[in-house]
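K.L.:
Could you put the whole structure together from the sequences, leaning on the hints where they help?
From first to last, the protein sequence lines stand for chains F and W.
Residue numbering for the first sequence follows the numbering used here, beginning at 1 and increasing consecutively.
Residue numbering for the second sequence follows the numbering used here, beginning at 1 and increasing consecutively.
FYI, nobody ran anything at the bench for these hints, they're computed from the structure.
Every value quoted in this text rests on a predicted model; they were computed, and no experiment measured them.
One thing to keep in mind: the hints can contain errors.
[What the hints assert, rightly or not] With a Cα cut of at most 20 Å, we get these calculated SDA-like pairs of lysine to any residue:
1. F/Lys18 with W/Ser25
2. F/Lys191 with F/Asn117
3. W/Lys51 with W/Glu14
4. W/Lys152 with F/Val9
5. W/Lys81 with F/Ala141
6. W/Lys160 with F/Arg13
7. W/Lys51 with W/His66
8. W/Lys79 with F/Gln144
9. F/Lys140 with W/Asn75
10. F/Lys112 with F/Leu161
11. W/Lys161 with F/Lys191
[Unchecked claim] Chain F is nowhere near these chain W residues, computed Cβ spacing over 12 Å in every case:
12. His13
13. Asp21
14. Ala44
15. Gln54
16. Asn71
17. Gln134
18. Glu145
19. Ser165
The C-beta atom is built at its ideal place from N, Cα and C for all residues, glycine as well.
Spelled out from the first residue to the last, the chains are:
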Amino acid sequence: MNDDLDNIVAAHRADIHKAPPHLVRQWHVAIDEAAALERGREHKVKSGWRPNSLFWGMAVSAALAVGVAIGFLASDRAITTQVPQLVDIQPQTNVIPAAFTRGLAAHFRDSKDQLENLDIESDSAMLILQLIEQNRLFQKAADQSNAPQLARVLRAFEPILLRLAAAETAPEDAAALRAQLSFELNVMLTKLANESSDKTHST
Amino acid sequence: MKIGGVPTQGDFHEAIATRSDRWYSACLKITRNPDMAADAVQDALLNAWNKRHQFEHGARLDTWIHRIVINAALNQIRKSKPGIFEPLETDIEDVTATPHVELENHELESRLARSLSGLSEVERICFVLKHLEQWRIAEIATQLELNDGRVKQAIFRAVKKLRISMQDMQRERNE
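P.N.:
Below is the structure:
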């Protein structure tokens with residue numbers, strides 16, 4: 001009987017499913033990017049504070065604070081308008097709250113504007129790191145809202161942002177990355193706009 | 001393979017080149033979902049990179065990452081199916097997989113790996129952790145927030161079901 005179990009275990013252990021080559025490449029790139037980002041951070045710390053990075057940090061923090069406040073206001077409004085319609089309340093699993101979608105659209109719009117106006121010659125890594133942090137917050141929220149596809153899309157932005165933040169990215173590569181990001185963000189904004197207009201038409 | 005000391009970027013590349021098939025395969029057995037398995041390996045690698053200063057002297061880098069990978073796969077399951085490990089009277093088989101995912105799994109996996117799909121989620125994960133990953137019962141129970149008895153029961157049922165499917169496979173091969 002134990003031989004039987006040993007055979008089962010041995011067979012399952014030997015049954016290795018090879019990782020697709022594009023994933024293996026992606027994992028190598030992820031390590032290179034994490035290392036490059038770390039080197040970039042060390043470089044920034046060594047070069048000290050600059051008024052420009054302080055300005056960007058403050059600007060993004062202010063934008064975040066406004067975004068959070070708008071999110072709260074929007075969610076409050078949503079609650080007050082929904083209260084009289086108790087009969088229409090449906091189970092909310094797999095439904096992304098409207099306030100979240102609005103906040104996400106604002107995040108995409110801000111990211112797009114900031115990336116388009118980014119002065120790559122100046123101290124831009126701080127701003128991109130802030131965008132990454134903000135992106136992670138939305139990614140976490142998407143995970144918690146049971147929206148794995150959206151979380152995956154947000155996760156896919158991170159390696160591009162990391163590459164853009166890396167100190168050794170050549171200016172021409174950075175321009176290409178910004179163009180790619182801008183395009184992806186536009187696609188997401190259009191998708192969100194279409195979804196929200198579909199909801200408006202269906203109600 | 002790297003043993004002890006703070007691992008370098010090159011050590012990570014070496015580990016990915018030589019061991020990532022095993023990590024991915026283990027994640028596939030746990031999650032039965034290629035996207036989740038891929039995300040688990042990536043999350044674990046970045047996590048391991050960020051915590052590489054905690055890598056203990058005398059440990060093997062690939063084994064250390066393997067453990068982080070398995071935890072990441074369990075986190076993926078928890079995120080996608082909250083409450084999956086909460087105690088039930090009887091475990092039910094995974095009926096949440098969409099036809100698309102099922103088809104993908106069917107194409108991707110060997111007959112042997114598919115025999116795992118006859119197990120409930122808890123049975124499959126407990127079996128993989130105990131017999132393929134060689135975790136102790138207490139470790140599995142802690143990680144899945146179950147009691148030891150339930151883990152043992154899940155493993156017992158898993159082995160019983162796998163024996164039957166293995167016998168079927170052998171019978172078909174002999175015919």
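K.L.:
With reference to the structure, classify each hint as holding or not holding.
P.N.:
Quick rundown of the hints versus the structure:
1. F/Lys18 with W/Ser25: Within the cut-off at roughly 7 Å; holds.
2. F/Lys191 with F/Asn117: Since the Cα atoms of F/Lys191 and F/Asn117 sit roughly 23 Å apart, the hinted pair is violated (cutoff 20 Å).
3. W/Lys51 with W/Glu14: Distance of about 18 Å is within 20 Å: holds.
4. W/Lys152 with F/Val9: holds, 16 Å
5. W/Lys81 with F/Ala141: Holds, because 15 Å separates the two Cα atoms, which is no more than 20 Å.
6. W/Lys160 with F/Arg13: holds, 18 Å
7. W/Lys51 with W/His66: holds, 14 Å
8. W/Lys79 with F/Gln144: holds, 7 Å
9. F/Lys140 with W/Asn75: With Cα atoms ~13 Å apart, F/Lys140 and W/Asn75 stay inside 20 Å; holds.
10. F/Lys112 with F/Leu161: Status holds; Cα separation ~12 Å.
11. W/Lys161 with F/Lys191: The given pair, whose Cα atoms are some 46 Å apart, is violated under the 20 Å limit.
12. His13: violated, 6 Å
13. Asp21: violated, 5 Å
14. Ala44: It is violated; W/Ala44 is separated from chain F by about 10 Å at its closest Cβ, not greater than 12 Å.
15. Gln54: holds, 15 Å
16. Asn71: W/Asn71 is indeed farther than 12 Å from all Cβ atoms of chain F, at 16 Å.
17. Gln134: violated, 10 Å
18. Glu145: Since the minimum Cβ distance to chain F is about 19 Å, W/Glu145 lies beyond 12 Å and the statement holds.
19. Ser165: The claim is violated: W/Ser165 sits with its nearest Cβ about 9 Å from chain F, within 12 Å.
Going through the hint list in order, the structure does not satisfy hints 2, 11, 12, 13, 14, 17 and 19.
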